[in-house]
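J.: These are the residues of each chain, in order.
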Amino acid sequence: MSTLAHDDHHDHKPTGLKRWFFSTNHKDIGTLYLIFALTMFFVGGAMAMIIRAELFQPGLQFVDPQFYNSMVTVHALIMIFGAVMPAGVGLANWMIPLMIGAPDMALPRMNNMSFWILPFAFALLLSTLFMDGGAPAGGWTMYPPLVLQTGDAFPFLIFAVHFLGISSIMGAINIIATVFNMRAPGMTLMQMPLFVWTWVITSFLLIASLPVLAGGVTMLLTDKYFGTSFFDAAGGGDPVLFQHIFWFFGHPEVYILALPAFGIVSQIIPAFARKPLFGYASMVYATASIAILSFFVWAHHMFTVGLPIKGELFFMYATMLIAVPTGVKVFNWIATMWKGSMTFETPMLFSVAFVILFTIGGFSGLMLGITPVDFQYHDTYFVVAHFHYVLLTGAIFALMAAAYYWLPKWTGFMYDERLGKIHFWLSLISSNVLFFPQHFLGLAGMPRRIPDYNIQFADFNMISSIGGFAYGISQLLFVYIVIKCAMGGKKARARSWEGAKGLEWEVPSPAPFHTFETPPKLTKKVLESLY
Amino acid sequence: MKGISKLKSSLQKLVLVLLFMPLSAMADWALNMRQGVTPISQEIYQMHMVTLWVVTVIGILVFGVMFWSIFHHRKSKGAKAAKFSHSTTVEIIWTIIPTAIIISLAIPATKLLIKMDDTSESAITVKATGSQWKWKYDYLDGVGEGITIFSSLDAKSKEISQRDSGLNPMDHENYLRDVDEPIVLPINTKIRILTTSQDVIHAWWLPDLGWKRDAIPGFINDNWAVIEKTGTYRGKCTEICGAGHGYMPIVLKAVSMEDYTAWVDEKKIAQAASKNTSNIVLNMEELMTKGEAVYKAQCLVCHQANGEGLKGAFPSIVGSPVAVDAGNRMRHVQQIIYGKGLMPAFGEQLSDVDIASIVSFTRNAWGNNTGDIVQAKEVAEARKAAKVIK
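Just so you know, the sequences run in chain order F and W.
Here our numbering is used: the first residue of the first sequence is 1147, the next is one more, and so on.
Here our numbering is used: the first residue of the second sequence is 62, the next is one more, and so on.
Bear in mind the hints are in silico, worked out from the structure with no lab data behind them.
Since the model is a prediction, treat every value here as computed from it, not as a measurement.
Certain hints may be false.
Calculated pairs, DSBU-like style, for lysine-lysine (alpha carbon to alpha carbon, straight line, at most 35 Å) [said to hold, decoys possible]:
1. F/LYS1567 x W/LYS136
2. W/LYS144 x F/LYS1636
3. W/LYS448 x F/LYS1667
Label pairs and their computed distance ranges (CB to CB) [stated by the list, open to error]:
4. W/PHE132 x F/THR1669: 35 to 43 Å
5. W/ILE121 x F/PHE1490: 44 to 52 Å
6. F/PRO1249 x W/ILE121: 17 to 25 Å
7. W/ALA161 x F/PRO1265: 23 to 31 Å
Stretch by stretch, here's where chain F covers chain W in the computed footprint (C-beta under 8 Å, at least three residues) [stated by the list, open to error]:
8. 183 to 192
9. 200 to 213
10. 380 to 389
11. 424 to 436
Positions of the beta carbon are idealized from the N, C-alpha and C atoms, including for glycine.
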């Protein structure tokens, strides 16, 4: 009690609007990011429900094809830029200073700005739903010339993407500055928790790839309004050039979504196996290799545009090569579990499911990487199944695991373990009912992004939709669990999990408003406890 | 006990049957890729199966080890955590083995890709041009040279696919997989298929040929196929191309060389006849009937059955000055010939009498009761006249 009282004394913080709007505190900004991400997860999820409702049966029942395309487009933009990325940044904000023993992020005011850009960017994007000509409907990939047919929504789309890019770049700069300058004295780079490592590498990906996207969408803007012909063959341009630019951003983006997830499960699996992470150094090197390789594989999204054969071969080899470091990571996680003393609380359940389902997504990724066969898979539901396995049962499962793992640290209370497990099993079953049949649909010949289909695809679509509705409803349970946990419950100890390691478990739960105002002393014993 | 479990299983079956009854009639449960009807498509299928088995076996091994560990190394079974945290030997092994597997997959894939790339020595060349939302096929080379086909979604699918049409997609076996005029090609002949586009990017895909290829405005891609079996093969546009993306199927009829040459002769005669329709004169009733049929085939997807279009995307024809004002007859005809904005040009595809009947129909349907009659001759003149369309 005395420690708590002592901390309370130091815990003076602004209140009300001032606390949240002007916040420069990494924990509050982290919380804002996480709440924002969860909100967007439901907005994007509602759009997914519309998609699955329309696809429940053949025939058009609920929406027009144009609106359907808008849903497909905006769902992707919201889930990528509004849900998964901000959730990752929120975790980074909350946890990185705690994990490296820093008092806050290096650039706290920029931190505030990078968050508050997001609501405005999404207000721009979502306002397009009410405009003449409807919301953007050319797919989140924004390929010209189709995207240039967008109505009044077009400039809003471009500027929303610009703002999202600015926000992410500022977040990335902040993370790099924090990690390189504010580690507790004595903590070398190779002693950092893996979550911190994955975020440093992700930040470099963001800084290298987002400006390319910004350039590409600006060229779209000038093509539409200022008479340029970057992507118009009639003016000497090339529509495929945009695809090269887009995917030079887009493929690293895939790893921007996935690497923090790798970091999360690399924290959680050792904690619940009560055993150090296997192959720490190889994990770091594998993450870095994946990041570097991710800049050399972009054209595997474009095998069917008619690349020269040398290009197709190069991108096929580079893509297949990514399987090696990814495989190393999976083997390391399993070796971490091997001969451990495992318990299966909700974070561990989500992490184990992540390892299996992300790997299944990786398998279909390897299949897609083989160019001649990709000519069959490309732009079918096989691809939809693939990327939802890596992003939903991959990235989002890992984010759920992180939320359960650190909720006690954030709120000071243990969440309801029974409800958490119910949420896990519901999510696991429903997401597989949702996405596994889509492999069959794709192989049988169903293209993606179509609002209506032949009856040969009817059965699997209906099953998939049922899974979709079940998954959507199950996530409401998560909201309830989080609110219930924030309101109270069993008090969490500083080290909320028996096997949890790292500096974040050295501070009380909930983490006080200010932590590590004086850097922690990294004795040999503390360093050993880090990993 | 046996009786109960039997009852239970038949009850389960009943529930399943009830659940899927409306669908089970024609829907199939295809799980795997089609083998297709070309040597290439069969090799692709083999490559697909090999990769699928490789990843399945890896999956079973890796997850097997993982689950063994999950069941045995748990605290509740008294497992004590070991302390090891790395092993250079196993790390090298599990880097080398995946590398070897990947190389062994990459070699056949490379050979197959090189084979697919070789479009030389083809006997017939066809160019597929995508536009929103139909395909145009030009026979450029070989038997059939000079033939042009426009291929868009069949009228029945169009009608059913309207929102709230009240029609059941189950009643149409080839719903959204049928066209008004399929492309016809001979079997056992190397055919080079070029793809390009008039407006946005489309993609031409017939699963039975084993590949798809983007159709990109301003660029031409080439591919080839030797079809080994006669039959009708169906595919779809696979690159999002706007509201009608789901509604531009591809249908190919593969026939013997004799049947093909017969079809070519017939087609050439029909094509010559349709070029020469400017002297046909129809009465109002004939124009309305023909106009409605052509409208349904060509205009319905955007302008809808009631002529009102879709707000924000496709303008309404009902009460539109172009379709109502007497001074706009020329503009009306030329807008169909040359297109405008998002609206594609129909001048090449439709004959004079077709265009005349659409114009007459839209000027008199849905309360646009102008009483105007436009004949084929006026369309022929509009083709020659100066453009009034911007």
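J.: If a hint holds in the structure, say so; if it does not, say that too.
T.: Consistency of the hints with the structure:
For the hint pairing F/LYS1567 with W/LYS136, the CA-to-CA distance comes to about 18 Å; that is within 35 Å, so the pair holds. For the given pair, W/LYS144 sits about 31 Å from F/LYS1636 by alpha-carbon distance, which is consistent with the 35 Å threshold. For a cut-off of 35 Å, the pair hint linking W/LYS448 to F/LYS1667 is broken: about 83 Å separates their Cα positions. At about 38 Å, the CB distance of W/PHE132 to F/THR1669 agrees with the hint of 35 to 43 Å.
A hinted range of 44 to 52 Å for the beta carbons of W/ILE121 and F/PHE1490 is inconsistent with their spacing of about 22 Å. Here the CB-CB span from F/PRO1249 to W/ILE121 is close to 49 Å, at odds with the stated 17 to 25 Å. The hinted range of 23 to 31 Å is not satisfied by W/ALA161 and F/PRO1265, whose Cβ atoms lie roughly 50 Å apart. Look at the stretch 183 to 192 of chain W against chain F: 0 of its residues bring a Cβ nearer than 8 Å to a Cβ of that chain, fewer than three, so the hint is violated.
Evaluation of the coverage hint for the stretch 200 to 213 of chain W: breached, as 0 residues show C-beta separations to chain F shorter than 8 Å, against a requirement of three. Here the stretch 380 to 389 of chain W counts 0 residues with a CB under 8 Å from a CB of chain F, which misses the bar of 3, and the coverage is violated. Residue count for the stretch 424 to 436 of chain W with a Cβ under 8 Å from a Cβ of chain F: 0. That is fewer than the three needed, and the coverage hint is violated.
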